[in-house]
Amino acid sequence: MHSTGYCQALEKAAQIEVPPRARFIRTIILELERIHSHLLWLGIAGHIIGFDTVLMQVWRIREPVMWLAEQITGNRKLYGMNIVGGVRRDIPKELHPKIIEVMDKVEKETIAVLNAVVDDTTLRMRLEGVGVVPNKDAIALAILGPSARGSGVAVDVRVDHPYAAYAEVGVNVVVETGEDIWARTVVRIKETLESVRIVRDALAMMPEGPIEAKIDEPIPPGLVACSSVEAPRGETHHFVITSDEPRPYRWKARAPTFQNLQAVPLSIMEETIADVPITVGSFDPCFSCTERVEAVDVRTGELKVYTKRELEQLSRAKTKLLRGE
Amino acid sequence: MNRALGIGLLNLVLVLALSPLLEGIIRKLKAFVHSRIGPPLYQPYLDLFKLLGKEEIDSETNVLFRWSPIIAFAAVMLVALLTPIGLVPPMNGAGEVIVFVYLITVSGVMIMASGIGSASPFAIVGSSREMMMILTVEPILAIALITAGVKAGSMRFSDILAYQMSHPYSLSMGIVTFALFLAVLAQLAKLPFDIVEAETEIMEGPFIEQSGPRLALFKWSFFAKELIFASILAAIFLPWPRVEASVLAVVVTLLKVVVILLLVGVIDSVNPRLRIDQAIRFYFSMIFVALVGLAFALVGS
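Residue numbers (this note's numbering), protein chains in the order written: chain A, 1 to 325; chain B, 1 to 301.
Worth flagging that the hints you see were computed from the coordinates, not collected in a lab.
There may be inaccurate statements among the hints.
Each computed DSBU-like pair below joins lysine-lysine, with the alpha-carbon atoms no more than 35 Å apart [stated by the list, open to error]:
#, chain 1, residue 1, chain 2, residue 2
1, B, Lys190, A, Lys108
2, A, Lys108, B, Lys30
3, A, Lys105, B, Lys30
4, A, Lys190, A, Lys214
5, A, Lys98, B, Lys28
6, B, Lys256, A, Lys105
7, A, Lys98, B, Lys30
8, B, Lys28, A, Lys108
9, A, Lys98, A, Lys12
10, A, Lys320, A, Lys308
11, B, Lys190, B, Lys50
12, B, Lys219, A, Lys105
13, A, Lys190, B, Lys30
14, A, Lys136, A, Lys320
15, B, Lys28, B, Lys50
16, A, Lys77, B, Lys30
17, B, Lys256, B, Lys50
18, A, Lys252, A, Lys308
19, A, Lys77, B, Lys256
20, A, Lys190, B, Lys50
21, B, Lys256, A, Lys190
Which residues of chain B face chain A? A few of them, derived with a C-beta cut under 8 Å, are [unchecked claim]:
#, residue
22, Arg36
23, Thr200
24, Glu201
Note that the structure is a prediction, hence the values are computed from the model and not measured.
Just so it is clear, CB atoms sit at the ideal spot from N, CA and C, and this is done for glycine as well.
Take the sequences, apply the hints, and build the full model.
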């Protein structure tokens, strides 16, 4: 997902045309990632409110998706599928029936989970009317992904700025207006089903052809581009400046958690301790995405945590050094 | 006298030695619902054995913190002597019902004391939750047992058991049995009412700083309570099949205990945890239900 963002930014900068087959393969991989990520979240959400049966059953449903990713890419997670100008591996014909089979199974079981949680009154007692992010605040704080779509904000990069093969396969954006944790849960479960649909359609529509563009010349330095990808948690932006070395001069990624966490203080206000873990969890936070940098001096074993200010100063000093000032 | 001593020893052995196995059965059932293989049936024994062999760590040398597990365990052992497990309970003095309620409350209060005695804010939150639970759940237990006592015209378990043998089941008993079963879920800290411990919210609450042998005593007293409460339900509130107090009755009661605990285990695995305010509201309505049962008993139905 991040690799797609980075590759797309570079391709945009250097105006590299990605072959259609590669764009479809990227779409399939991105949606497989969304399926596994949403199911992972659902399991953890169950665990947070003490509902371990949800955790165990949902992760059992998720396991074939990981297995499938390994069949296609060689890895269960962090697929390493993208290269600038295309993808590293093709999806051979022999794998298609397996993909369809896993998708059918995941769809059937996810629908069963959806029906089970919709009918569970105790579960809804815990999730409805809790962790509310009103629609206007969701827009004002610019929260993203399923967290925003649960508050009735229909933002989705896949539709707003189509990339990969999303323009061809189309995306039905799932929006719920409940504004609470329950709405965010329903959005994620329904999005899983939509992702299954996209994987199936993309597989059926996938054209023949090469899987990577021919890049004869090195990418020229000084090109600037920004690309957005709809990650499972929301939109992710990648900004790249190319250099004359075989690496970027500047690269900046912004993960959606950075934005989504802004809604936490608002939504846990006047709530009890019991509701705080599930409210924070309902934004599917990736704390490592917002963490500071920690450095260990190997010789002395000394630990240093860099603050935001120190990091800024270091970055500015480095920029000055590079500019030769 | 010797007979009472024998039954007393039997009760203690059953409660101490058998209760971890029952916990093992519940864990296996939960694993089955989760599509897991689960730990072996004897895992709770290993847990206790391991904890009992650890050194004692005093993070806080507080009297409450130090003695609460021991007093809780002792209280539960005394309760075991009052519990009818197929036979007439050994401590056959006057007003056992009242003593039973008091001693069970002692074990709850000791959980609270353990939390107050430790320095962690999570423990304090857990203690305040335990206090609220005691205040709403204990009355249901008391009302249910008093209802049984009113029916039999005596506060002795032996008289109540004898009455159950010879009289048909009544409406009032049905009502209080329902309320008591739900109260037992909270007494055993099972979902949806494991609010006091709430691992993912307040990290085991009052037990957060307990470790080693003292934690083992708390855990063991919880295992013991499972057997005790299930036995009370089986012997007094669900008296079928009616077997005269004998060795056969012990076996029958234990089988019923397993069935009741399996039911508790199923409820435990198909529910999320409620919030304390939701649980309290729920148990307040249950107190009302139990009082209706008592009222029926008082008018003789």
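Here is what the structure says about each hint:
For the given pair, Lys190/B sits about 31 Å from Lys108/A by alpha-carbon distance, which is consistent with the 35 Å threshold. The straight-line distance between the Cα atoms of Lys108/A and Lys30/B is roughly 24 Å, inside the 35 Å bound, and the hint therefore holds. Proximity of Lys105/A to Lys30/B is assessed by CA-CA distance (about 24 Å); at most 35 Å being required, the pair is judged to hold. This hinted pair does not check out: Lys190/A and Lys214/A have alpha carbons roughly 39 Å apart, beyond 35 Å.
As the CA atoms of Lys98/A and Lys28/B are separated by approximately 33 Å, the hinted pair is consistent with the 35 Å bound. Proposed proximity of Lys256/B and Lys105/A is contradicted: the alpha carbons are some 39 Å apart, above 35 Å. In summary, the hint linking Lys98/A to Lys30/B is supported, as the alpha carbons are separated by about 32 Å, within the 35 Å threshold. Only pairs whose Cα atoms come within 35 Å are accepted, and Lys28/B paired with Lys108/A is accepted, the gap being roughly 27 Å.
Of the supplied pair hints, the one linking Lys98/A and Lys12/A holds, its CA atoms being roughly 34 Å apart against a limit of 35 Å. Between the alpha carbons of Lys320/A and Lys308/A the distance comes to roughly 18 Å, so the proposed pair stays at or under 35 Å and holds. Restraint check for Lys190/B and Lys50/B: the C-alpha separation of about 23 Å stays at or below 35 Å, so the hint holds. The suggested pairing of Lys219/B with Lys105/A is violated, with an alpha-carbon distance near 41 Å, which exceeds 35 Å.
Of the supplied pair hints, the one linking Lys190/A and Lys30/B holds, its CA atoms being roughly 28 Å apart against a limit of 35 Å. Using a Cα cut-off of 35 Å, the hinted pair Lys136/A and Lys320/A is violated, with the two alpha carbons roughly 41 Å apart. This hinted pair checks out: Lys28/B and Lys50/B have alpha carbons roughly 20 Å apart, not beyond 35 Å. Restraint check: the Cα-Cα separation between Lys77/A and Lys30/B comes to about 29 Å, which is no more than 35 Å; the hinted pair holds.
Proximity of Lys256/B to Lys50/B is assessed by CA-CA distance (about 30 Å); at most 35 Å being required, the pair is judged to hold. Between Lys252/A and Lys308/A the alpha-carbon distance is near 15 Å, which keeps this suggested pair within the 35 Å criterion. Distance check on the hinted pair: Lys77/A and Lys256/B sit about 48 Å apart at the alpha-carbon level, beyond 35 Å; violated. A hinted pair counts as satisfied when its Cα atoms are at most 35 Å apart, and Lys190/A with Lys50/B does not qualify at roughly 45 Å.
Between the alpha carbons of Lys256/B and Lys190/A the distance comes to roughly 43 Å, so the proposed pair goes past 35 Å and is violated. Using the Cβ-Cβ criterion of 8 Å, the hint placing Arg36/B at the interface with chain A is satisfied: the shortest such distance is roughly 6 Å. Because the closest C-beta pair between Thr200/B and chain A is about 5 Å apart, less than 8 Å, the hint holds. A distance limit of 8 Å between C-beta atoms decides the matter here; for Glu201/B the minimum to chain A is near 5 Å, and the interface restraint holds.
The structure shown violates the earlier hints numbered 4, 6, 12, 14, 19, 20, 21.
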